[in-house]
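Peer 1: Residue numbers (this note's numbering), protein chains in the order written: chain D, 1 to 120; chain C, 1 to 483.
One should not assume that every hint holds.
[Said to hold, decoys possible] Under the rule of at most 30 Å between Cα atoms (straight-line distance), these lysine-lysine pairs were calculated in the DSSO-like manner:
#, chain 1, residue 1, chain 2, residue 2
1, C, 346, C, 304
2, D, 39, C, 393
3, C, 346, C, 268
4, C, 393, C, 304
5, C, 346, C, 335
6, D, 43, D, 97
7, C, 207, C, 268
8, C, 395, C, 232
9, C, 393, C, 421
10, D, 43, C, 268
11, C, 232, D, 97
12, C, 346, D, 43
13, C, 304, C, 395
14, D, 97, C, 395
15, C, 395, C, 346
Because the hints were derived from the structure by calculation, they are not lab data.
Bear in mind that the values here come from a model prediction, so they are computed numbers and not experimental data.
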Amino acid sequence: MTALNTFGAVLTFAIELEARLHDYYCAAGRVDRAQEADKRRVKLERVRRESVLEITLEAIEGLNAGDYPLNLEDTTPAGQQANERTAAQFYAAAAPKINVREAQRVLERCGREHEEAAGR
Amino acid sequence: MVKRLKNYVGGRWVESTATIYTPVINPATCETLGECPDSTREDVDRAVQAAQAAFEEWRRTPVLNRAQYMYRFKALLEERFEDLARVVVEENGKTRDEARGEIRRGIESVDFATSVPVLMRNDGVEDIAAGIDETTVRQPLGVFAAITPFNFPAMVPLWFLPTAIACGNTFIVKPSPQTPLSMDLIFELLDELDLPEGVVNLVHGGKDAAMAIMEHPGVKGVSFVGSTPVAKLVYETCTRHGKRVQAQGGAKNYIAVMPDADMTASVKNIMGAAYGCAGQRCLAAAVVVAVGEAYDPLREELVKQASSLRVGYGLDESTQMGTVVSAAARERILKMVEQGIQEGAKIALDGRYITVAGFEDGTFVGPTILEDVTPDMTVAREEIFGPVLSLMKAKDFDEAVEIINRSHYGNAASIFTSSGKYAREFKYRVNAGNIGINIGVAAPSASFPFGGQKDSFFGDLHGQGEDSIDFYTDRKIVIERWI
Chain D
1 MTALNTFGAV LTFAIELEAR LHDYYCAAGR VDRAQEADKR RVKLERVRRE
51 SVLEITLEAI EGLNAGDYPL NLEDTTPAGQ QANERTAAQF YAAAAPKINV
101 REAQRVLERC GREHEEAAGR
Chain C
1 MVKRLKNYVG GRWVESTATI YTPVINPATC ETLGECPDST REDVDRAVQA
51 AQAAFEEWRR TPVLNRAQYM YRFKALLEER FEDLARVVVE ENGKTRDEAR
101 GEIRRGIESV DFATSVPVLM RNDGVEDIAA GIDETTVRQP LGVFAAITPF
151 NFPAMVPLWF LPTAIACGNT FIVKPSPQTP LSMDLIFELL DELDLPEGVV
201 NLVHGGKDAA MAIMEHPGVK GVSFVGSTPV AKLVYETCTR HGKRVQAQGG
251 AKNYIAVMPD ADMTASVKNI MGAAYGCAGQ RCLAAAVVVA VGEAYDPLRE
301 ELVKQASSLR VGYGLDESTQ MGTVVSAAAR ERILKMVEQG IQEGAKIALD
351 GRYITVAGFE DGTFVGPTIL EDVTPDMTVA REEIFGPVLS LMKAKDFDEA
401 VEIINRSHYG NAASIFTSSG KYAREFKYRV NAGNIGINIG VAAPSASFPF
451 GGQKDSFFGD LHGQGEDSID FYTDRKIVIE RWI
């Protein structure tokens with residue numbers, strides 16, 4: 001189980017998650033959601049670049065990549081909903097562990113967007 | 001095929017006349033990443049001549065246009081951010097986040113340089129005498145150079161180059177031969193800016209190239225960051241040759257922890273200060289002074305958190321501490337720990353013989369804690385420059401301040417406390433150039449000067465902030481009357 005124990009590990013996991021969702025939604029024919037995922041990926045890349053504050057880099061505990069598996073085979077509406085819920089859960093767990101407010105805010109927003117998508 | 005580095009002189013990549021090349025080694029994988037020329041006096045002279053030739057045209061380039069180059073430079077740095085961070089990890093051994101943090105702080109300095117049109121403004125007084133106006137103007141001086149260290153191979157040159165050239169000077173960088181690849185990549189980006197040829201120059205090399213820069217009559221000033229003995233040599237050599245100089249030396253940074261501090265949160269931050277960049281930064285926490293009853297809970301928390309840090313190859317995102325820069329550095333660190341033990345310190349956490357699976361030859365030193373350290377021990381007085389934290393006791397706040405002020409270094413000092421009274425007294429009384437209050441790495445942002453006192457700094461004007469504008473410009477006074 002890969003530990004998401006650094007700022008970069010959390011952000012990189014989020015970036016890869018959005019990239020995988022982008023490809024997943026492309027395969028599912030959901031262009032709108034693919035675009036949303038891509039927009040989030042770009043935003044998260046910016047956050048990883050701009051919000052890394054050398055003097056407050058601290059270890060992160062209690063977050064593991066394995067707890068947030070996506071099922072990319074199941075492109076049914078129910079499968080999409082489940083993946084959105086997983087993504088939302090990841091962001092909800094990750095945001096409070098990041099000690100840079102700007103980054104935290106973006107993670108919270110990503111979480112909200114996935115939560116809304118899960119409800120749609 | 002290993003890349004043999006070239007110098008960048010007069011807007012072109014040129015072969016050095018060196019006969020000696022030093023291998024650039026990835027300290028985790030031991031892979032040779034490149035070969036760095038030990039450039040000669042002739043190479044330095046060519047760079048100085050190119051920079052001198054470019055100066056007149058460049059200083060006449062309007063300051064707003066010079067600032068525009070900085071905006072474009074920033075955009076290129078952002079675009080290649082991850083590539084730069086990777087190169088820093090590969091050649092230096094730090095973690096990805098630390099490398100990203102370094103590039104970010106380098107970009108902050110470029111941001112600062114975009115403000116030069118405002119920062120170069122000066123003042124004047126009408127009718128200082130009857131019908132006479134007096135004003136000051138800031139003018140660039142000519143060719144400046146930076147001699148920079150291995151520990152922040154991308155950031156430290158960027159403390160100097162952007163502001164110097166935005167002020168209208170021309171510039172030469174001589175990076176550390178241990179970590180020259182970051183600058184090599186940054187100069188590829190500078191090459192894309194289409195600056196006038198000779199405005200920026202890169203000369204790789206070691207001591208010979210450094211001495212040639214310091215002794216060259218065409219160089220107006222030198223910025224240096226490195227160890228104290230070398231900083232002192234740089235200061236003395238440059239002043240003897242009539243140059244401006246800012247020479248930042250080594251450090252032995254103390255952290256005082258008061259009994260009223262939040263131990264868990266404080267130690268979490270101290271971890272980054274002590275073990276970030278494997279302790280190889282001039283702002284690293286080297287000694288923690290536990291005041292009174294703080295000792296037991298502090299020791300317990302330090303050992304607990306330090307022993308859980310994940311040591312590994314910096315390119316792995318889950319690595320929390322990377323390697324030290326070289327086998328020689330590792331050897332020196334281990335010797336100092338051994339010396340500390342011989343002088344009476346006890347080892348509370350031993351990271352000396354750590355191995356990392358898959359990187360068995362890497363120059364890793366795990367988080368190490370020495371306890372029962374006293375102020376007279378070598379490990380308390382001299383810079384270790386590795387992931388070794390010395391733990392000391394002080395009976396009260398006054399004794400802690402006294403211990404800290406006894407150090408011949410004065411780069412940084414921090415206090416962890418919830419008391420405003422102690423925090424104020426600390427910043428008032430402690431003789432260090434950068435003070436942290438509940439911050440273990442007291443690193444000033446680019447718009448503030450990087451402080452340093454005693455044997456940690458030689459010179460008058462510090463790097464960064466408005467000091468850098470003063471360093472890279474001369475103020476000319478104009479007394480004007482029309483008759």
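Peer 1: Each of the hints needs a verdict: does it hold here or not?
Peer 2: Hint check results:
About 17 Å separates the Cα atoms of residue 346 of chain C and residue 304 of chain C, which keeps this hinted pair within 30 Å; it holds. Distance hint between residue 39 of chain D and residue 393 of chain C is unfulfilled; the C-alpha atoms sit about 53 Å from each other, more than 30 Å. Proposed proximity of residue 346 of chain C and residue 268 of chain C is supported: the alpha carbons are some 23 Å apart, at most 30 Å. Among the hinted pairs, residue 393 of chain C with residue 304 of chain C is consistent with the structure: their alpha-carbon atoms are about 19 Å apart, no more than 30 Å.
Restraint check for residue 346 of chain C and residue 335 of chain C: the C-alpha separation of about 15 Å stays at or below 30 Å, so the hint holds. Distance restraint check for residue 43 of chain D and residue 97 of chain D: the Cα-Cα separation of roughly 19 Å lies within the 30 Å cut-off, and the hinted pair is therefore satisfied. At most 30 Å may separate the alpha-carbon atoms for a hinted pair to count; residue 207 of chain C and residue 268 of chain C exceed this at roughly 39 Å. For a cut-off of 30 Å, the pair hint linking residue 395 of chain C to residue 232 of chain C is broken: about 35 Å separates their Cα positions.
This hinted pair checks out: residue 393 of chain C and residue 421 of chain C have alpha carbons roughly 21 Å apart, not beyond 30 Å. Proposed proximity of residue 43 of chain D and residue 268 of chain C is supported: the alpha carbons are some 28 Å apart, at most 30 Å. Taken as a hint, the residue 232 of chain C and residue 97 of chain D pair is broken in the structure, with Cα atoms around 44 Å apart against an allowance of 30 Å. Between the alpha carbons of residue 346 of chain C and residue 43 of chain D the distance comes to roughly 48 Å, so the proposed pair goes past 30 Å and is violated.
For the hint pairing residue 304 of chain C with residue 395 of chain C, the CA-to-CA distance comes to about 24 Å; that is within 30 Å, so the pair holds. Annotation: proposed proximity of residue 97 of chain D to residue 395 of chain C is violated, straight-line Cα distance about 36 Å (limit 30 Å). A distance of roughly 20 Å separates the Cα atoms of residue 395 of chain C and residue 346 of chain C; the hinted pair therefore holds under the 30 Å criterion.
The structure is inconsistent with the numbered hints 2, 7, 8, 11, 12 and 14, although it conforms to all the rest.
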